[in-house]
Amino acid sequence: MININHYLLLSALLFSIGLFGALSKKNAVAILLCIELMLNAININLVAFTRYLQPGDITGQVFAVFVIVVAAAEIALALAIVIAVYRRRETIAIENLDWLKW
Amino acid sequence: MGLSGLLVYINDLFVNHVFDLVFLVISFITVLSALGVVFFRNIVHSALSLVVTFLGVAALFITLEAEYLAFVQVLVYGGAVSVLIVFALMLIQRGTVKETNMFGRLAIPALFTAFAVFALLGWALWQKSWTAKVVPAPAAAGNAVFNLAEVMLSQYVFPFEIAAVLLLVAMIAAIVIGKEVKGTK
Numbered sequence: 000m001i002n003i004n005h006y007l008l009l010s011a012l013l014f015s016i017g018l019f020g021a022l023s024k025k026n027a028v029a030i031l032l033c034i035e036l037m038l039n040a041i042n043i044n045l046v047a048f049t050r051y052l053q054p055g056d057i058t059g060q061v062f063a064v065f066v067i068v069v070a071a072a073e074i075a076l077a078l079a080i081v082i083a084v085y086r087r088r089e090t091i092a093i094e095n096l097d098w099l100k101w
Numbered sequence: 000m001g002l003s004g005l006l007v008y009i010n011d012l013f014v015n016h017v018f019d020l021v022f023l024v025i026s027f028i029t030v031l032s033a034l035g036v037v038f039f040r041n042i043v044h045s046a047l048s049l050v051v052t053f054l055g056v057a058a059l060f061i062t063l064e065a066e067y068l069a070f071v072q073v074l075v076y077g078g079a080v081s082v083l084i085v086f087a088l089m090l091i092q093r094g095t096v097k098e099t100n101m102f103g104r105l106a107i108p109a110l111f112t113a114f115a116v117f118a119l120l121g122w123a124l125w126q127k128s129w130t131a132k133v134v135p136a137p138a139a140a141g142n143a144v145f146n147l148a149e150v151m152l153s154q155y156v157f158p159f160e161i162a163a164v165l166l167l168v169a170m171i172a173a174i175v176i177g178k179e180v181k182g183t184k
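Protein sequence lines, in the order shown, are assigned to chains A and B. Take 0 as the starting number for the first sequence in numbering that gives the first Met the number 0 and just add one per residue. Take 0 as the starting number for the second sequence in numbering that gives the first Met the number 0 and just add one per residue.
Keep in mind the hints are simulated off the structure, nothing from the lab. Every value quoted in this text rests on a predicted model; they were computed, and no experiment measured them. Any given hint might turn out to be false.
Residues from chain A shown here face chain B by an in silico Cβ test under 7 Å; the list is partial [what the hints assert, rightly or not]:
id, residue
1, Leu12
2, Ile16
3, Ala47
4, Ala75
5, Leu78
6, Ala79
7, Ile80
8, Ile82
9, Val84
10, Thr90
11, Asn95
12, Leu99
If you want the footprint, here are the derived chain B segments under chain A, 3+ residues with CB under 8 Å [claimed, not checked]:
id, region
13, 2-13
14, 42-49
15, 62-74
16, 103-109
17, 153-162
18, 166-177
Think of the CB as a built atom: it goes at the ideal place given N, C-alpha and C, for glycine as much as any other residue.
Can you make the complete structure from the sequences, with help from the hints?
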């Protein structure tokens, strides 16, 4: 029987996959994709908690909606930054973006 | 046992455990496509794989009786965010797109970190077994959205307004940052 633990385990797995990608990728857009993956995993967690531990209450779904809003704003801004960086530098490899390093 | 026993078992699986079966299939597809996002060597393939992951998460929301969230997930992630990503990739990639999604120097430490985080989360799950409350009968279809709107526009109206301002700010900032700058080249 599927219960909350299965959902949480799936969410943890997705989060770890996203974390691995976000830490290891070279391409800035690929890192953004992996961050989206992690945010999705968190949304599954929120909805599963509210479904199984507070049945009838939908606070978790409201939180998930806010997470989606913030994720959409984040991806739009981050892609704009990536395009601006590419225009100046002709590269989006994260290892080359070290202006602030000293 | 034999073949008839197997058939009885499969029949039982389909009759009594349809939900489990659906969950397993959806989660298998979701995790597989999530692995594809990380391990495809072509960034466009990664982006398309991510769309499959988004749709899988939307299906998981439906199994969790969050239909409104599933619609929002398909619209915002499956539609807007994926189109945005593909457009950005088209603007950025120059020349060949082969091997555009490679691992950096820190792949091995990142793998260890990810495994450690997963082990930690799994251990925490093992320690604390959540006892689910009595699962109610699914509410009527129209009711869920109504309840969501009521909670969001009364109890959480300030976060709602702040989210609206955040979207406006992000939109303006994206336009300003992405605008062609004269005289940089």
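Hints, verified against the model:
Proximity of Leu12 of chain A to chain B holds as hinted, the smallest CB-CB distance being about 6 Å (cut-off 7 Å). For Ile16 of chain A, the interface hint holds, the least distance from its beta-carbon to any beta-carbon of chain B being 5 Å, beneath 7 Å. Proximity of Ala47 of chain A to chain B holds as hinted, the smallest CB-CB distance being about 6 Å (cut-off 7 Å). Checking Ala75 of chain A against chain B by beta carbon gives a least distance of about 5 Å; that is within 7 Å, so the hint holds.
Taking 7 Å as the C-beta cut-off, the interface hint given for Leu78 of chain A holds, the closest approach to chain B being about 4 Å. At a threshold of 7 Å, the smallest CB-CB gap from Ala79 of chain A to chain B is about 4 Å, leaving the interface hint in force. Because the beta carbon of Ile80 of chain A sits about 6 Å from the nearest beta carbon in chain B, less than 7 Å, this interface hint is met. Checking Ile82 of chain A against chain B by beta carbon gives a least distance of about 5 Å; that is within 7 Å, so the hint holds.
Residue-level restraint check for Val84 of chain A is violated (minimum Cβ-Cβ distance to chain B is 9 Å; threshold 7 Å). The interface hint given for Thr90 of chain A is broken, as the beta carbon of that residue sits about 10 Å from the closest beta carbon of chain B, more than 7 Å. For Asn95 of chain A, the interface hint is violated, the least distance from its beta-carbon to any beta-carbon of chain B being 11 Å, above 7 Å. Hint on Leu99 of chain A is violated. Least Cβ distance to chain B is approximately 17 Å, over the 7 Å limit.
For the region 2-13 of chain B, the proposed coverage by chain A is not satisfied: 0 residues have a C-beta within less than 8 Å of a C-beta in that chain, short of the threshold of three. For the region 42-49 of chain B, the stated coverage by chain A is satisfied: 4 residues place a CB nearer than 8 Å to a CB of that chain, which reaches the threshold of 3. For the region 62-74 of chain B, the assignment as covered by chain A holds, since 7 residues bring a beta-carbon within under 8 Å of that chain's beta-carbons and 3 suffice. Requiring three or more residues with a Cβ within less than 8 Å of a Cβ of chain A, the coverage given for the region 103-109 of chain B holds, as 6 such residues are present.
With 3 residues bearing a CB less than 8 Å from a CB of chain A, the region 153-162 of chain B meets the requirement of three and the coverage assertion stands. For the region 166-177 of chain B, the assignment as covered by chain A holds, since 9 residues bring a beta-carbon within under 8 Å of that chain's beta-carbons and 3 suffice.
Of the numbered hints stated above, those contradicted by the structure are hints 9, 10, 11, 12, 13, listed in ascending order.
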